[in-house]
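Below are the chains, spelled out letter by letter.
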Amino acid sequence: MTMTQYVTVTLVSLLCLFIFGDSLHMFQLNMYKSGAHFKWLSRNLFKVYFGGFSGGKAKKPLVYTPRVIRMCVTTWLFFTGALFFIYYLLDYRVMLALILLAPLLPIIANTINMPIEKANNARYIKDAKRIIDSMPNLVTIGVTGSYGKTSTKYYLHKLLSAKYNTLMTPESFNTTMGVVKTVRGQLKPTHEFFICEMGMMWKGDIAELCDIVKPAHAMITSIGAQHLETMKSLDNIIEEKFSITDTIGSDGNVYLNVDNENVAKRAKTLKDKTIVTYGAKSGAYRATDITLSDKGTTFTLHTPDGEKAEFTTLLIGTHNVQNIVGAIAVARTLGVSLQEMLLPVKRLECAPHRLQIIKRDDMTIIDDSFNSNPAGAKAALDALKLIGDANGMCKILITPGMVALGEKSQELNAAFGNQAAESCDYAVLVGERQAPPIREGLLQAGFDKDKIHIADSFNNGMKFATELQSKSKKIILIENDLPDNF
Amino acid sequence: MKITVAVFFGGKSTEHEVSVITGLQAFAAIDRDKYAPIPLYITKDNTLYTGDAAGDIAEYSDISGLLNKSKAVTIIDRKLYEVTAKKADLRKPLASIDIALPCVHGTNVEDGALQGFLEMQGIPYAGCDVLSSAVGMDKAVQKAVLRQFADIPMLDCVAFTAKQYIENKGAVLGEVTDKIGLPAILKPMNLGSSIGIKIAKTQSDLPDAIEHALLFADRIIAERAVTNLREINCSVLGDKDSAQASECEEPLGSGEILDFNDKYKSGGKSGRGGKSSAKSGGMASLKRKIPADISPERREEIRAMAVKAFKALGCAGVARIDFLIDCDSDSVYFNEINTIPGSMSFYLWEAVGMSYPKLLDKLFTLALKREREKQNLTFSFESNILSAFKGGFGGSKSGGKS
Numbered sequence: 001m002t003m004t005q006y007v008t009v010t011l012v013s014l015l016c017l018f019i020f021g022d023s024l025h026m027f028q029l030n031m032y033k034s035g036a037h038f039k040w041l042s043r044n045l046f047k048v049y050f051g052g053f054s055g056g057k058a059k060k061p062l063v064y065t066p067r068v069i070r071m072c073v074t075t076w077l078f079f080t081g082a083l084f085f086i087y088y089l090l091d092y093r094v095m096l097a098l099i100l101l102a103p104l105l106p107i108i109a110n111t112i113n114m115p116i117e118k119a120n121n122a123r124y125i126k127d128a129k130r131i132i133d134s135m136p137n138l139v140t141i142g143v144t145g146s147y148g149k150t151s152t153k154y155y156l157h158k159l160l161s162a163k164y165n166t167l168m169t170p171e172s173f174n175t176t177m178g179v180v181k182t183v184r185g186q187l188k189p190t191h192e193f194f195i196c197e198m199g200m201m202w203k204g205d206i207a208e209l210c211d212i213v214k215p216a217h218a219m220i221t222s223i224g225a226q227h228l229e230t231m232k233s234l235d236n237i238i239e240e241k242f243s244i245t246d247t248i249g250s251d252g253n254v255y256l257n258v259d260n261e262n263v264a265k266r267a268k269t270l271k272d273k274t275i276v277t278y279g280a281k282s283g284a285y286r287a288t289d290i291t292l293s294d295k296g297t298t299f300t301l302h303t304p305d306g307e308k309a310e311f312t313t314l315l316i317g318t319h320n321v322q323n324i325v326g327a328i329a330v331a332r333t334l335g336v337s338l339q340e341m342l343l344p345v346k347r348l349e350c351a352p353h354r355l356q357i358i359k360r361d362d363m364t365i366i367d368d369s370f371n372s373n374p375a376g377a378k379a380a381l382d383a384l385k386l387i388g389d390a391n392g393m394c395k396i397l398i399t400p401g402m403v404a405l406g407e408k409s410q411e412l413n414a415a416f417g418n419q420a421a422e423s424c425d426y427a428v429l430v431g432e433r434q435a436p437p438i439r440e441g442l443l444q445a446g447f448d449k450d451k452i453h454i455a456d457s458f459n460n461g462m463k464f465a466t467e468l469q470s471k472s473k474k475i476i477l478i479e480n481d482l483p484d485n486f
Numbered sequence: 487m488k489i490t491v492a493v494f495f496g497g498k499s500t501e502h503e504v505s506v507i508t509g510l511q512a513f514a515a516i517d518r519d520k521y522a523p524i525p526l527y528i529t530k531d532n533t534l535y536t537g538d539a540a541g542d543i544a545e546y547s548d549i550s551g552l553l554n555k556s557k558a559v560t561i562i563d564r565k566l567y568e569v570t571a572k573k574a575d576l577r578k579p580l581a582s583i584d585i586a587l588p589c590v591h592g593t594n595v596e597d598g599a600l601q602g603f604l605e606m607q608g609i610p611y612a613g614c615d616v617l618s619s620a621v622g623m624d625k626a627v628q629k630a631v632l633r634q635f636a637d638i639p640m641l642d643c644v645a646f647t648a649k650q651y652i653e654n655k656g657a658v659l660g661e662v663t664d665k666i667g668l669p670a671i672l673k674p675m676n677l678g679s680s681i682g683i684k685i686a687k688t689q690s691d692l693p694d695a696i697e698h699a700l701l702f703a704d705r706i707i708a709e710r711a712v713t714n715l716r717e718i719n720c721s722v723l724g725d726k727d728s729a730q731a732s733e734c735e736e737p738l739g740s741g742e743i744l745d746f747n748d749k750y751k752s753g754g755k756s757g758r759g760g761k762s763s764a765k766s767g768g769m770a771s772l773k774r775k776i777p778a779d780i781s782p783e784r785r786e787e788i789r790a791m792a793v794k795a796f797k798a799l800g801c802a803g804v805a806r807i808d809f810l811i812d813c814d815s816d817s818v819y820f821n822e823i824n825t826i827p828g829s830m831s832f833y834l835w836e837a838v839g840m841s842y843p844k845l846l847d848k849l850f851t852l853a854l855k856r857e858r859e860k861q862n863l864t865f866s867f868e869s870n871i872l873s874a875f876k877g878g879f880g881g882s883k884s885g886g887k888s
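For the record, the sequence lines run as chains R and Y.
Read in the working numbering, the first sequence has 84 at position 84, and its numbers run on one by one without any break.
Position in the second sequence counted from 1, then plus 486, gives you the working numbering.
It is worth saying that the hints were derived from the structure and are not from the lab.
Glycine included, every Cβ here is placed at the ideal spot set by N, Cα and C.
Just so you know, not all the hints are guaranteed correct.
Listed below are several chain R residues computed to face chain Y (Cβ distance under 8 Å; list not exhaustive) [unchecked claim]:
1. Met135
2. Pro189
3. Ala264
4. Thr364
Using the sequences provided together with the hints, build the complete structure.
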């Protein structure tokens, strides 16, 4: 082999590794779903082959889990074989094929490893089931919903903990393997209650989770147009969410947020279940006299038994009242008195990145980066306006818009822009895909086009907002800052 | 899955042996249907041992033989690991501890030391926390706290250090005779049982009594000695939110704890691994009278005072509070608190219909309650205030990759 050939082969292999690494990272964010990853690859062809060289820090970096390491090993074997080929044949077509194939390597490796991964997962799932079965007195509460489920889970955990030893799935762990990991790593024999957040991306996800944790009670916080891309229709989403009630027995409760139209409608046809409805406006457990300020929220809670109590919380936004009322409904029916809940409610903090207020010396930040649904976005805009106006601040919105909304994406993003026009002084739109409809919505509502800035990345958007000249103190709303795969 | 309870006993304390008895009684009485108890023997040099032998009282007549049969262990991240001179295998824990039951008595362990160790390990534990354990060990500090926060009758006291006495005997003697008078009782500040305690009836007895107490502690407390006295003890179970008092007892001898042979060996063999080790066999001995022979009004007065003192001292779990009755004036005084009473005062609870396994179950429930309360006050979301300086807001969005 000549020197030139030697160098070429080395360069090609390095290039492939770069491309592979990047693709592997996205594959992890796409939850190792070949279809979803393939779709992402086809949409981001440029990024796929050249993205690795652009540098920059990932928001959620690649995590070297055992699974990823196994994939790397398989890829390495595959890769060595290919290089071996090149070495002997010196066929440049093979080399080219290798470069083109590089982004697909994670998918190929994953497919080869599939039997190992499946066996591994099955072993973990079996172990989690064994642990759950060994605790016959453990009461599990399944919480699902298009939005509000993580916040409600956090609140419920605090309220139940006033009286019982309670475990919840941490952060937004809500996939099968996330729940399995929680059960295997954190569930202890001292726990009396387990609050399990159940996420859904594909049909059957919730049934699979129910089969593992066997919930005694179920809760649906809302149903909306989330994951339309994978679930095809709203009806599919409604049915999938309501499948959480399938395994609930006659002595279990089904908690439903009937402020949400989709939930309220489907609740009417739900048979043979003990239903406990709740909401900020309607429901057996409901709130009245809701008063909001930048200091927090006060409301009067009513129970179906005629009990009532005034609660105060530092959290803002009516959607939070909804979530708190839901948590109170569950805790009350499971034996915690309203009296016992007064202080825990007062001490509630918002879940991280969910309308979380961060007060800094130079500016206030409303971090709502995990909320990517229309109702949540509206609440966040309201909060921006409320707090910004109350303190005479310069209100800046930074957002890449909303994704995973399927066909309605354009329409909903435009509506979001429309609402944003009233709530902010400056709008910083991140990325190219959702920015045009939001911009359109803003302009339609009469927003000054000079106050719209389009940034190519979140960091640049943040930089723009930070450097923006303003006489008054700034308040920045970060709405839906998604990981890199969107 | 059963709840693993680690029973700690022994330790570097003058009450080492008594603690072994308290620990093994509790170990035997824990309800095996719900809990999986592990005996953890703390040697006099504070090394931890476990194993079947460590759970058997018969082995304690030969400590070095016992240690040979047992495993030396350490605790890391709530898990129990075996350690030998050569290695510590951190891959295979012997057990994961859910709750600790401190059954230790005396300075160096009961005074918050073991509690602090458990706090650092993050293990929920039964009984008083670090602060109340420490306050409960110090005879002068507990009186100061009670004087400040609860209206409970106590005998006046004078406290001084060894150095103060040695450098200026006259002043100390004068202060004791002026403020306390004679006869006076001299006690080491932080020792349990009756170790180091002497009564000075006359002026000339006083230096003797002080110097005797100084053999055991650097700080001494002097109180008026009640000559015509009765001792009445009452146990309290609960925490800062709610607490209840047990039956009252009147100890009639010197032993403050039930004799192990009476209680455990003869009456309780069947109890190993069973539910009821605690049938009142040896308890009916003449060493104590339960219930104490006092009027119902006096009984209620003492029980109410006990609960008040327990709460004011910030106690949790089960404690025993000792009172004195001055028969000449017919008045009751708070004497001292035992934050981990001998035999966990179970006999005082049996007298009001609560079995020992039930008492222990309540202690574990209280331990978990305190743990919850602590966690509810931990503001976990703001994990690193310093992170704000970097200006990063990204975070993990989806969890649970396998």
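Any of the earlier hints contradicted here, and which numbers?
-> 3 and 4
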